[in-house]
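S.K.: Residues per chain, in single letters:
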Amino acid sequence: MIKGTDVTLRGLSKRFGKVWALKGLDLEVQAGELVAFLGPSGCGKTTTLLLIAGIYRPTTGEIHFGERRVDHLHPKDRDVGMVFQSYALYPHLTLFENIAFPLRLKKVPDAEVKSRVQSTADLLGIGHILNRRPAQVSGGQQQRAALARALVKEPQLLLLDEPLSNLDAQIRLSARAEIRRLQRDLGVTAILVTHDQAEALAMADRVAVFSTGELQQFATPDELYRKPKNTFVASFVGAPPMNLIEGVFKERAFEAGGFRQGLEGPHPQGQGWLGIRPEDIELRAEGTPATVLVVEPLGREALVMVESGGVRLQVLVPAEAKPAPDQQIHLHLPAEKLHYFDRTGTRVGP
Amino acid sequence: MPIRPPSWRLILIVLGLITLPIGVGTLWLLLTALFNQVHGLLPVGNINFGNWRFLWEGSINGRPPIWVALFNSILFAATVAFIEVLVASMAAYAISRMNFPGRRLYLGMILVLHAFPAVSLLIAIYYILRVLGLFDTLFGVILVKASLEIPLGIWLMKGFFDNLSWEMEMAALVDGASRWTVFRKVALPLVRPGILALGTFALLSAWGEFILPYTLIVSGKSWTLALYLQSFLRESFVDYGMMAAVGLFYALPVFVFFLLGQKYLLNIYSGGVKG
Chain A
27 MIKGTDVTLR GLSKRFGKVW ALKGLDLEVQ AGELVAFLGP SGCGKTTTLL LIAGIYRPTT
87 GEIHFGERRV DHLHPKDRDV GMVFQSYALY PHLTLFENIA FPLRLKKVPD AEVKSRVQST
147 ADLLGIGHIL NRRPAQVSGG QQQRAALARA LVKEPQLLLL DEPLSNLDAQ IRLSARAEIR
207 RLQRDLGVTA ILVTHDQAEA LAMADRVAVF STGELQQFAT PDELYRKPKN TFVASFVGAP
267 PMNLIEGVFK ERAFEAGGFR QGLEGPHPQG QGWLGIRPED IELRAEGTPA TVLVVEPLGR
327 EALVMVESGG VRLQVLVPAE AKPAPDQQIH LHLPAEKLHY FDRTGTRVGP
Chain B
11 MPIRPPSWRL ILIVLGLITL PIGVGTLWLL LTALFNQVHG LLPVGNINFG NWRFLWEGSI
71 NGRPPIWVAL FNSILFAATV AFIEVLVASM AAYAISRMNF PGRRLYLGMI LVLHAFPAVS
131 LLIAIYYILR VLGLFDTLFG VILVKASLEI PLGIWLMKGF FDNLSWEMEM AALVDGASRW
191 TVFRKVALPL VRPGILALGT FALLSAWGEF ILPYTLIVSG KSWTLALYLQ SFLRESFVDY
251 GMMAAVGLFY ALPVFVFFLL GQKYLLNIYS GGVKG
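As given, the protein sequences belong to chains A and B, one line each in that order.
Quick note on numbering: our numbering labels position 26 of the first sequence as 52, and the sequence is numbered without any gaps.
Quick note on numbering: our numbering labels position 22 of the second sequence as 32, and the sequence is numbered without any gaps.
Bound-form chain B, shown alone:
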């Protein structure tokens, strides 16, 4: 008897069951953020925007205004993504295209770094930042986050550069370009899908980053949204309603961004130049 693929309906049911907890969690977040009180998944009372008063009331319970945290989060994610894309694409080009002493060793080390559990470095990083005077600054955390992500970025971009034809670069050299011009005008435009993918990935990863700012930032003026959200759990009375609202506020940009950027994210796994 030939093997038949299971019906679409069965596949959908199985996948639906597996994703159910995530769906329920999101629904709970939505309901809790919008109603006075929720019993389980059952809202009590009316729709109420009181949970969202952090948007207009400024400082609440000694927290900095949410707009400061939002600004910090955007600054953090954008700067990390920018540094990561810049350094990774240049390093990846060098590794993919140029022969220099220690290239293989360097490649191996990048791979090890990429696999290294970053959390185990936290104490050392703490001391390094203190010595450099960057402890408790957003810039310090940006540097740490970018350097931890760059190895992955280099590997990813190297794959894209490896797919470019040598002849095209040779052609550009003969046409009168310098090595730098070849990189800027020929190689870089052709790995645009890779840059967009890496940029999207870096933005999302930095947006969701919690442990690094949590360890390396103390003062409220440098808080990111992740720290703002976590601060609710440190209080004796946890305001779950407002916490859910902040959570939603924090997640909303990611939803939007993912909808716009998923095309490039998928590219990470397929790679390559499309003519």
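Chain A on its own, in the form it takes in the complex:
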């Protein structure tokens, strides 16, 4: 059993030349937690991970593991295990020597190296192929070997940089669950970098959403989904993404061109965005009139693109209730499922 550390980032920034890859990040990861860093490429999530690992030195700010300040330490003194997107196994070494590498550097006695490598490899189900080289095993096995190499020195913190993105879709789902189970069983704190919102929501206790070098929101998957803090998070988290309509909030209504939606309760005034998730829109006999443009069957459900008063919306409906293209339908947008954002995209309610 590994004792995970908590991680505190304070005012962390990184500049490359004239570009700020990361701007003033404050974040706390609790011991034993799995946190996902989510965002599009170039958002600063991998930069943050490499800062925590010690590959990059921060331009400003502090990194603490528990009581220990580590931002001035060399990576080898940070007690961190890391899995890279390409796995970064050493092609000239067998899987055994790959996994043993961190222990050899620590001058662990031979017998102990042998038993620790074997038990870690057994834990990951690759104990029987340790004499092969990375090129002689499958992608999934390479990924396990990389994970074993990260875990063999029993780190306090496990860093995962897109560990699943090179796997086939089929094993990706099982690998997700397995990494989660392993992390929980071992009690190690973990940070997972991913651009796949489904992966982040499925695996993480909490998700930090990044965009253009800044933290947008740090919350549980549930809260992220139900109460996105701004339009970026709203559109990035969830697939298909939330419908965002730019328009004007008026007295008890929201208008965008010919589109009009009645509002109840307190709501903002003036320019802003109205958001609603595709699965929250209902097709009814009465309501806002709309025209069906495209119908995409997705198996259990169908994604329907509709147009109402010049506004295009995506609606997720049960497959058996799907309308036909060009059909005239009526939409119902439940008041409790609406999201309000002001003109800058910041959530203002409900």
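Hint data in this document are derived by calculation from the structure and do not stem from the laboratory.
Remember, it's a predicted structure, so these values are computed and weren't measured experimentally.
A few of these clues could be false.
Using C-beta positions, here's what the derived DEER-type ranges look like [what the hints assert, rightly or not]: (1) Arg202/B x Thr85/A: 51 to 59 Å; (2) Ala88/B x Ser141/A: 40 to 48 Å; (3) Arg113/B x Pro376/A: 50 to 58 Å; (4) Leu270/A x Thr191/B: 45 to 53 Å.
Each residue gets a CB set at the ideal place from its N, CA and C atoms; glycine is no exception.
Given the coordinates of chain A, assemble chain B onto it according to the supplied hints.
M.R.: Chain B only, in chain A's frame:
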């Protein structure tokens, strides 16, 4: 009409004609070395090993024994190759992986040095070696030859290091390696094809080197095989038979070495890591 590639037979004939002079030259060398006398390509008399008496007679016409020259040649080639590989791989790693002030300028200068005709430096080198007290020593020529070859070596090795993935080095750092350990245990083993290629190239180039030892070495005890061979042409009566035998003796290691090392030599032009 579709364009047809010319037949293999035609290609072989053309290539054969082009390489014919080299083949004939080698054949002439072989015949001259083995027979008393040769008229053109026609041997006269019997096979005779008299031309090879330099192997067992020691000093001939004031030359040092051939074994001294052979030893010097081996020492020269091996040391040059060793220094070249050592310096070039470390410099190339630094240039490929590290950011330091003047990196671009340094890179440009290496390229210029590589293209610079070394012969034009001979007089300056002569004076420098005299000042350093290294004139007429094998060590002095080794330093000169190695430094003239190192720029090419750096470029070559840089290409190999550039192909290594950054993530692998990052992984090694996180695994607990220092920068030096990363170089030694991860980067260096992965550019082994490059090191073998550069080493082979350096050995062959130093083995064949003539102009530098010819200018910078006077005394017979420091002669290399190239100087030994050239010394025949300085005599009033040129013993072509023995000269051919010495030439063959000089070329033989290269043949063997090339047969064993051509795989790595070809690597110079393809480059890259094989997983």
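S.K.: Taking the hints in turn, state whether each one holds.
M.R.: Consistency of the hints with the structure:
1. Checked against the given bound of 51 to 59 Å, the beta carbons of Arg202/B and Thr85/A, roughly 38 Å apart, lie outside it.
2. Against the hinted window of 40 to 48 Å, the Cβ-Cβ separation of Ala88/B and Ser141/A comes to about 44 Å, which satisfies the hint.
3. Here the CB-CB span from Arg113/B to Pro376/A is close to 56 Å, well matched to the stated 50 to 58 Å.
4. For the hinted restraint 45 to 53 Å between Leu270/A and Thr191/B, the CB-CB distance of approximately 51 Å keeps it satisfied.
In the structure shown, a violation is registered for the earlier hint numbered 1 alone.
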